[in-house]
Structure formats: structure tokens, C-alpha cells
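K.L.:
Note that the protein sequences, when read in sequence, are chains A and B.
Just so you know, this note's numbering puts the end of the first sequence at 437, numbered straight through with nothing missing.
Just so you know, this note's numbering puts the end of the second sequence at 765, numbered straight through with nothing missing.
Treat the hints loosely; a few may be bogus.
[To be verified] Derived pair list, reagent style DSBU-like, types lysine-lysine, alpha-carbon separation capped at 30 Å:
1. A/K398 - B/K756
2. B/K756 - A/K426
3. B/K603 - A/K429
4. A/K3 - B/K709
No lab work stands behind these hints: they were computed from the structure.
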Amino acid sequence: MFKSFRGGIHPQDQKQYSRDKAIETMPVPAKLVLPLRQHIGAPAEAIVAVGEQVKKGQCIAKSTGFVSSPVHAPTSGKIAAIAVQPHPVFGTSMAIVLEADGEDAWQEGVLVERDWRSLSNSDLLEIIRNAGIVGLGGAAFPTHVKLNPPPDKKIDTLIINGAECEPYLTADHRVMLEWPDKMIEGIEIALKLLGLNEAVIGIEKNKADAVAFLEKKCQGKPIKVAALETKYPQGAEKMLIRAITGREVPSGGLPADVGVIVQNVGTLAAVSDAVSHGKPLIERVVTVSGGLVKEPKNILVRLGTSFAQAVEWCGGLTGKAAKIVMGGPMMGMAQAGLEVPIVKGTSGILALAKSDIGGGKERGCIRCGRCVEVCPMGLAPYLFAIWGQRDNVEAAVKEGHLLDCAECGSCVYVCPAKRNLVHYIKLLKAKNAAKRK
Amino acid sequence: METLNDNRLIVSASPHVRSQETVASIMWTVVAALIPAVLFSIWQFGVKAALVYAFCIGGAVGCEYAIQKLRGVEVTIDDGSAFLTGLLMAMCLPPGLPWFMCLFGAVMAIAVAKHTMGGLGYNVFNPAHVGRAALLASWPVAMTSWTTMPSVLDGVTSATPLGILKQQGFEQVVAVFGNSGNLLQAMFFGTRNGSIGETSTVLLLLGGLFLIYRGIINWHVPVSMIGTVGILAFFISGQGVTGALFHMMAGGLVIGAFFMATDMVTIPITVKGQVIFGVGAGLLVMLIRTVGGYPEGVCYSILLMNCVTPMIDRFVQPKRFGVGGERA
Ligand code: SF4
Ligand code: SF4
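Bound conformation, chain B alone (with noise of 0.2 Å):
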């Protein structure tokens, strides 16, 4: 029989076995369900997006590593939480955004958003949203400046489908694809202009339902807000279904609810209220898209739910066992 060293055994308090899953483990397959979506960038936008997420991703690896080093705690790049905030930031920056602009908004993400506030799991905003909020105020020229696109129209354009909305109405956004048809394909596939991830519908969505399937996020919050978004859209947008697929598919709003509206730290713990922010959010992004002074609202309306988060915490709180009287 081995020889047991009593003083070794770890004497601890129950339970003596965990599930496999860590933080880590977490943030790098949300990473790997991003992949996709990110090729079919480079492949769209070339090396200027590429350019661009080498700059948010190191900027953000690159302050936490520093600002952990510095306040002399443990450095946790590793758990690939910095890494996914500068990758999600990036896919929400328009292509050939400079690159200290890169560096600023990684910067305002980590150690303002996320290490101000005490580090992961106590950040209130989403970090990746609040790096692109300063660099909308920061710079809004440039934060709105988007590459050219084939278009039926005049060859070129340069607007996003949202933009073109906001200003000229939708039968103009048909008329730069042709017909409903081709802009409803080219909103699903990702042939449109946007930001450098926002725009490949599908690919998106693959990644969204790997996250659902293997457990990592649940569906209440991406369905209840693209659904509301989708609901609001067809009675509001004046286009019926067709208007109600655009808006579902437009803009920012596909990659934010499934990966930044999803974020686990910035949104509610219990089910019931992640639904409440789902359709908070949805809400909120169909008012500044059609009432708003911005065409696309999706940062700015996660953010506001973010806001009110530890509110819907205190108030939705899950049902205890035993109370009630329940005797069906």
C-alpha cells in the first residue's frame, strides 16, 4: 500500500469535485466562435481591419499586462478576458481606423472601463462598448468614416446601410442594392458596408448558436432583443417583414446581442432579468435608430442597460424553493 502522508491531504470544505469550466476556458470559446466572422473581415476589409485588430487586441493584452504588473497583483491575460475585450472592441471600429485610435480606445476599455472599476467581474459597462463610446466622442469623423463599397447605384458608396436610412429613407438603401431581395441577402451574408465584424450576418450567428450549444451563453438575451428589435421594426419601419429582417440584421445589432449583450459581467444574473435587458436593450435600440440623432444605437443602448443592471438585480430575484405553499 503506498505510503499515505496524512499532513497532505487537503482538507477543505465540500464539494471535493468541480465541473471542468473556468473563466478561461469561458472567454477563449467565445474567442473561437468570433473566428469565423473575423476571416471573413480580413477577407472583406483586407489589411486595414487586420491592422486594426492588432491594435485593439494588443493595446487591451498589452494595458491590462501593465496595469496588473504595476499594482503588483496577479497578471491574468491568460484567462484571455483582455484579449476578447480588444477583439470585440475592434470588430465594432470602422476599417482603417488609425491606429492610435486603436491604442486609445483599448486603453479607455481596460483601465478605465474594466480596472478602474476593481478589475473582471466588477466592471459595470462593457468594456469593449465603453472603448468605442470614447472614440465616438473622441473622434466622430473618423469613427464614422467608412471604406467604399460596390454599389448598383453609382458604382461606389461609402455609407452604411443605416446611414443611407437615417438619411435618405429606406427606398434609397433598396435602390443602392437593387432590389429588397439583394439587400436582404447582402445584410445576411456580409456584403454591405460596416463596421470591420459587425457585418456578416451568418457567420455571426454561427458563432452565437455554438455558444448556446456548447453552454457558454443561454438564448434569453440575443432573442429578446433582436426579437424585440425585429417586433418594433415591423410595425414601426413602415416595411413590414422586410423592414423587420433589415432591422434585425443591421448595424451592430447581431454581434452585440449575441457576444456583447451576453457579456456575463455587465448584465443580470437570473435569467428573468437578462429577458428585461434583452428587451430594454431592443427597445432602446429601435428609439435611437428611428427618433435618435445617431442611425445606429446598439452600443449605446447596451450601455444604458448596463446602467441599470444592479437595479434589475435587486429587483428579479430567483424563485426560493419553499415559499409559496405550493402543494400541486
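Chain A with its partners taken away, still in its complex shape (with noise of 0.2 Å):
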């Protein structure tokens, strides 16, 4: 038995295309766009002017909050406007476009070796809230915000999540195993930053690979490795802590409820890259697939190129695609266009035909009870759609709990009548935040 939790699904997981794809590191493209909102909390704010000129690694953003991050110029070049641009999540935003000059020049002073262990935790959070890292599993929370939990919190175990259940998606696959040092070497600070003993990585078994790979670089080391079902949602924080410890953060509740931190594998690669070199968060490895493009690839990509320019870089497209999603097509988001940058949360970029969708025609509900059985959280989804259309938000929120949904979309996966019940849920919840404000 492999460990897991209650519900979900199983689509299939399509990462064919780009499993055995080693990552590929794409070129500096002539023209980045970085918006000054990638994390959850406070927009940064731009501290360079137009026409400026920057190195590769300097900050051009400095977080404004605890919780908010800077950002850093991905290559050297010219700052060539600060304006309003299209966003992957919040379909524009102020950002800073900057013109490569080509020589990708790093400013000086910015790669330093350190050794972590010599470092006090202040000093850690420091350069982790320096570096711009925040969660590059989709969240993009700013990490040193989650590896500093409150006090009162008693944290007795961390979760590195390498469980990657979205369809498509091998970024994380690929990083474990290609950067296991860096990564390992990550997970050592966060247990610093802790003050814990012991870390588990949580790995669905279908990368079995990863997974036999990682006990035999693990040994020795407080690092253990979970074999996980193959199961969507499994990587979401809540299934995975719930796989992994058997404890269920409560309704409205956080990890640290529960003594858990989950950080994503990626990102503690990133957090050892800033701690032992300095170097900031300035790219990331982005998985390119989906059945209309050509090479699928995962590709280390500096922030601000365009999904465009990604996208050719893997071949281009070989037909129309019906949607370009940034992240998994389970909870990532729909795009109008490919000119849109990558930010800190973009784990993917998917392209994919009418034929990849599936769906169908919305029907009457049929009561099949198939949204109930596979609803990770224990809701009854189907009532959401009704709620939705009799906007009847009190019910939904007080009958329906509505502010438990996770937006998995398991419920929809599975619908036979394709209700498009996330998006009902997506309203209702827009709809309860207008009226509490």
C-alpha cells in the first residue's frame, strides 16, 4: 500500500511527452518582461528608471511588506519601460521591461560562496527574503515567510513535495533528478531554519525513478523518501500531509496547525543556489508540453521571457491549439494569448488541441454522486453549480463550505454532464469576498 488520502482521480498523466527530456537551458531572449507582482502579498516596487542600465542579478524591485518579494534583473541590459503588461494570473500588472544588451553580465559582489552552516538563521531568512525566492511549486509564496512560522506554531515535520500530480507537468521530476545535491543541500537549510531532525520527500510512484534515486543520495543523510500513490490531488499541501502524516489540517487551517511545513522541491533548490552562491531568483525550470507542440522540453528559462518565446524554442506549434494553460490543466490557468511573461509561479506551459480538453456540451445535473466520491475535501460539489446559479452565496458558504474547496477540479474532471462547477465556485467565492469587504 502506498500512502495517500481520500478521493481524487486519476487522469492520465501524460508526462510522456517530457519525462526523459533533461532540462535544457534556453537562451536569454532580447526582451523580458517581469511583472512586479509574482508572489502572493504586496506588489514589489520598482526601484530602477527607465533607461537605466543593469546587471544580471541586481534588484530592480524591493518587496514593500513581510510578506511581498523583490525582483531581480534576470540578464544585464536597459531598462526600457515600467508600465502596464499582460499577467498569466492577473491578466495584467505593472511591470518592468527590460532589453537584454546581450552580455549577461553579472553585478558585482552578487555570487559570493557562503556555507550555510556557519550562518545564523536571521542571517538565512535574510538572504532567502533577499534573493526574491518564494514557492516555485504554483503558490509562489515567499518562502522565507514559510520557514519562519510564528512561534506558537510547534513544527515537528517537514515535507518536501515532490509529488507532482498535476497531468504534463516534469519540472519537479526533473529537478530531483538532475540538482539532487542542490536540492538536498536546501532541505538541510530549511531543517536549520526548523530546528528539526528529519525530513521526508513525498514522490508519486510514478517516478519510480526519482524515487530509488533519491533513497540511494538520501542515505545517511535526515533526509527519508515516501513512495506516494498516483493520485490526483496528492501533491496539493493538505492530501500530502494527510498521505504522509495521517493528520488533517482543519477546515480554514494552515500546515502549521498541524506542526507541517511543505516546501516544493524546486524551490529549495532555488534557496540553496542564494544561501551557498548568492545567486538570486532570476529562472526557473518550466515544463513545455501538451500534444500541438512540437519538442516538449523542460527548460531552465529566465523569468520575464515570453510563453511565446518559450513555445518556439520548443519547436513551435503543430496545429491550433484550443488552450495555453500556465501550470498543470488541472489548476492552472487559461491564457488569450502567448505573449504573456513567465513569473516565479510558472511551472508550465501547456499547449494543447480540442482533442487534449475533452468536455462536452454543460448539462443537467444527473446526481451521479461521482463530484462527492472523487472531492478531496468531503464536499458535495454538484450543490455549488445550483448555489451558483440561484446566487445564493450564504448557502454555499455556510451549508456548502465553500471555503474549503481547494479548486482541485477533481469534481469537474469527472462530471459526466461537464459541469463546469470550479467555475461556479470561483464566482461564488468572488462573490462572498465583495460582500465581506
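Can you join these two chains into the complex? Each is in its own frame, and there are hints to help.
P.N.:
In C-alpha cells:
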């Protein structure tokens, strides 16, 4: 028996496109667009002026609060504009446009070799914060906040999220196979920060090679590997914690409430880069895949590179796309076009054909119960469509526990009537938020 | 690179992939699961049965088409749901029922039970059973006139095993078939009298197992319903295991438990609720068979449980994640 949780679905994992493709470094494009909002929290504030020359690794937008994160120049060049630009999550957002000079020259003094063991916790947190590191799994929550839980929460477990349960995505898989040492160093740093002796890496068993490889790599280290059942949404924090520790994060609560901190594998590799080598977060691994991408790849790409450039680097599209998605197909965001920049939370770019999407006309609910059966949060998703159509926000929140919904999409995936339940859920949540203001 | 017409991209809420299953694929798979039993019944009862099938299915599909056309809404006869209702209703009728009665039942099922409630998904009662119940109320004699079947006792009989049980007792049922082994064998393979499609336990069971295997229905309802009948019969029929097996295979129980008490629209939405439904329906079946006025009670027991389904759904809710503070 592999570890798991109740509910969930088994979509085709579609990882065959890119699972065996080694991480490939994509050249720096001529233009980079760097939104000031690439994280959860207050937007960063630009500290450069149009026309200014900047160097690679230079901070160009400073963090504006505790829950905020700075932005760094991914290459050297000139600031061409500071203006509203397309954004893959928010539609549009203020962004710094950087014209690369082709030198790709580091700013002096950024790169430094350090031994994390000799640094204090507050120094480590400061470095992580100044390096602009946020959760790379997609949520983009500032890492220095997560690694510094309030003192009243007793943390006893660090879980490393290598589940990568979204179909198509293989970026974390490749990081585990190709950058294990960086990742392990990142884990050791996180353990020091949290004052813990042991971490568990959770990996779905469809990545058996990574499980076996890391088990060997972690021998003699305070790190265990847990093979998890391949089931979506195994990588959702609450499900992962349930599968590994048997604990359920209480409704409305955070992992820290049950003594757990979860970190994504790529994030910890970035932590190691920042702490040991002084590298700020200026690039990340992105899976470019989907039935329409000519040569699906895992690319190491500078932040701010446009989706179009990344797709072109992967041979372009072989047919007409029905959907362009940032992230995985279950929780990712559909894009209106390819002229949007890769941001810190971009784990994947998917070009999906009509045939990849499936679905069809939305029909009346036949009460088949499939959505109830798969909902990992134990909700009755079919009701949200009814409340959504009737605009009954109160019932959805009070009787339906709307706010428990993680928007994992499992209910929509299985619905034979092709009900767009998550659409109604998002609508109801937005209305609820507006009401409380 | 293929030029991308940005305006043509679909920008809708996640998720961006869906399973293959559709309402139509579910309905037609259920139809397919019934085919063996249907073929057997046509072999068993001949043209009479085939005509009942034709009028019931034709009536149900035609009625749905007419209603949707008249109301100016999308015609959904291709989803297989009306077809399945007609088919299931026919399987619960006596062979040789006149054509106009078949049509009447079909109209009651589709027009009254389904469309007055708002169409597929909104109906409270199983339409096929509403059709059958309406027929039983309107033409009680025609609805209980069975074809003659060979019998070891007096050459032929025109009663169903449950009918004989009600009027003459269990000894007589056994006597008609020679001995209890023969009786159970006849019940299992279907060489006994009854409604068109309910007689062959083995073929219905195969169809039901196929649906469970395909994930179309779950096992909880049929097992809890038939199991409840079996356990009760073991204790109250006075015939022990033979009585239990007899009751589990008799009448419309197998077809009802696998194909009608699993009609998603009209049963509770949670698995726990479905078990309550199954046990409740099983209790009612035995209640009607032993103390009620009718020899058989599957149809009414399912309709009665349909009534309490909304209540079950209100009280039996899935277990929410993160409630109860479990720290196992
Ligand atoms: S209701 Fe929310 S949590 Fe439950 S399956 Fe649907 S999207 Fe996931
Ligand atoms: S899966 Fe779809 S059709 Fe089935 S109960 Fe849920 S919303 Fe209704």
C-alpha cells in the first residue's frame, strides 16, 4: 500500500511527452517582462528608472512588506519601460521591461560562496528573502515567511513536495533527478531554520526512478523518501500531509496548525543557490508540453521570457491550440494568448488541442454522485452549481463549506454532465469576498 | 510556427482536461448491459415480448422528442435516457400487454414522471417504475395476467412464483417445479413466469456486474438491497436458505436492485445514503411480499425510497476533510 488520502482522481498523467527530457537551458531572449507581482502578498516596488542600465542579479524592485518579495534583473541590459503589461495570472499588471544587452554580465558582488552551516537563522532568512525566493510549485508564497513560522506553532515535520501530481508537468521530476545535491542542501538549510532533525520527500510512485535515486542519495542524511500513490491531487499540501503523517489540516487552517511545513523541491534548490552561491531567483525550470508542442521540453529559462519565445524554442506548435495554460491542466490558468511572461510561479506552459481537453456541452446534473466521491475535501460539489445559478452565496458558504474547496478540479474532471463546477465555485468565492468588504 | 489566432483560444476556468465519460455513454452502457436479458426474454416469450419492447421504447423516445420540440428546448433523445426508461419499463411488464397500454405507461413515465419535474436530473421518482405503477393502477387485471408456462404439476401454470406463494404457500411453489432444487434452478436461469425482463437472474447479474466493473454503478445499492431481502427471508420465510435464495431471485428484485435502485437521479448522492436506500428498499420489499396485499413489492419499495431520498441527502453528508481534529 502506498500512502494516500480519500477521494481524488486518476487522470492520464501525460508525462511521457517530457519526463525523459533533461533540463535544457534556453538562451536569453532580447526582451524580458518582469511583473512587480509575481508572488502572494504586496507587489514589489520598482527601484530603477527607464533608460537605466542594470546588471544580471541586480535588484530592480524591492519588497514592500513582510509578505512580499523583490524582483531581480535576469540578465544585464537597459530598462526599456515600466508599464502595465500582460500577466499570466492577473490579466495585466505593472511590470519592468528589460532589453537585454547580450552580455549577460553579473552585477559585481552578487555571487558569493558561503557555508550555510556558519550562518545564523536570521542571516539565512534575510538571504532567502533578499533573493526573491517564493514557492515554485505554483502558489508563489514568499519562502522566507513559510520558513519562519510563528513561535506559537510547534513544527515537528518538514515535508518536501515532489508529488507533482498535475498531468504533463515534469519540471520537479527533472530537478529531483538532475539537481539532487542542490535540493538536498536546500532541505538541510530548511531543517536548520526550523530546528528539525528529519525531512520527508513525498514522491508519487509514477516517478519510481526519482524515488529509488533519492533513496540512495539521501542515505546517511536526515531525509526519508515516501512513495505515494499516483493520484491527483496528491501534491496539494493538505493531501500530502494527510498521506505522509495521517494528520488533517483543520478546515480553514494552515499546515503549521498540525506542525507541518511543506516546501516544493524546486524552491529548495533555489534556496541552496541563494544561500551558498548568492544567486537570486532569476530563472526557473518550466515544462513546455501538451499535444501541440512540437518538441516538449523541460527548460531552464530566465524569468520574464514570453510564453511565445519558450514555445518557439520547443519547435513551435503543430496545430491550432484550443487552450494555452500556465501550470498544470487541473489547476492552471487559461491564457488569452502567448504574449505573457514566465513568472516565478510558472511551472508549466501547455498548448492543448481540442482533443486533449475533452469535455463537451454542459448539461443538467444527473446526480450521479461522482463529484462527491472524488472531492478530496469531502464536499458535495454538485450543489455549488445550483447555488451559483441561484446566486445563493450564503448557503454555499454555510451549508456547502465553500471556503474549504481547494479548487482542485477533480469534481469537474469526472462529471459526465460536464458541469463547470469550479467556474461556479470561483464566482461564489469572488462574490463572498466582495460581500465581506 | 503555426500562426496562433489569439482570439480563438478558450479562456475558461480550470480544469482544462476532462474524463471521457458522458451522460450518453453512461445510459447506453446500461442499455448494453441489459441486452443479454432482453434477448433471453424474446427467446422465452417470443413476439409478444418484442412488441412490448417496441411500443414502450418507441413511446418513451417519441414522447420525449415531442415534449422537447413543443417546449422549444434542445432535443436530448440521443443521450439514451428515454430509451433506457422505455426499455426498463418494458422489462417490468407482463408479456402480451396491449400496445396502447404500453404507450400509456411510456407517456406517464416520460411526460409525467420526468418532464413535469424539469427533465433528466430533476425527477424525484424512477420514471420506469412510475410508468409501471400507473399501469398497475389503471389496468390491474391486464397487468397481472401472465403467459402460461410449463409446470410439472398440471402441465401449465399461468402464475408467477411469488403469486403462487402469496395464494397457496411455499409448498405449492416447490410442487409446481417438482422440488426445491428445480425451483431455484428455474429462478436462477429464468425458466419461470414473470415480467418480461425480470426472469433470468443469471443474465441480469452478469449485466449488473459488468456495470460495476465499468464503474457505472457501485455495488452498495444492489448488495444492500438484495442482502437485506436475503437476511429477512432467511428468518421469516420459514424455509431457511432455500427461502432466502428464492426471495433474492424472485420477482423484480434482481433487475430492480441492479438497474432501477441504481438510477442515479432518484437515489441518494452519497454512498452512505445509498446503503440506507438499499436497506430501506429491501425491508419494504419483504414487508410487501409477506404482509402487503400484492405478491411483489420491488416497484413500490423503490418508489417509496425515492420519496425519502431528498431527506437522506439532507442528513447524510460526506465526511469533510479537516473536521474532527483527527491526528492519527
Ligand atoms: S469541490 Fe473543490 S475541493 Fe472538491 S473536488 Fe471540486 S474543486 Fe476539488
Ligand atoms: S458529477 Fe456532475 S452530474 Fe454527477 S452529481 Fe456531480 S455535478 Fe451532478
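K.L.:
So, for every hint listed, does it hold in this structure?
P.N.:
Hints versus structure:
Distance restraint check for A/K398 and B/K756: the Cα-Cα separation of roughly 15 Å lies within the 30 Å cut-off, and the hinted pair is therefore satisfied. Restraint check: the Cα-Cα separation between B/K756 and A/K426 comes to about 22 Å, which is no more than 30 Å; the hinted pair holds. Restraint check for B/K603 and A/K429: the C-alpha separation of about 59 Å exceeds 30 Å, so the hint is violated. At most 30 Å may separate the alpha-carbon atoms for a hinted pair to count; A/K3 and B/K709 meet this at roughly 24 Å.
Hint check: a violation occurs at hint 3 only; the rest are consistent with the structure.
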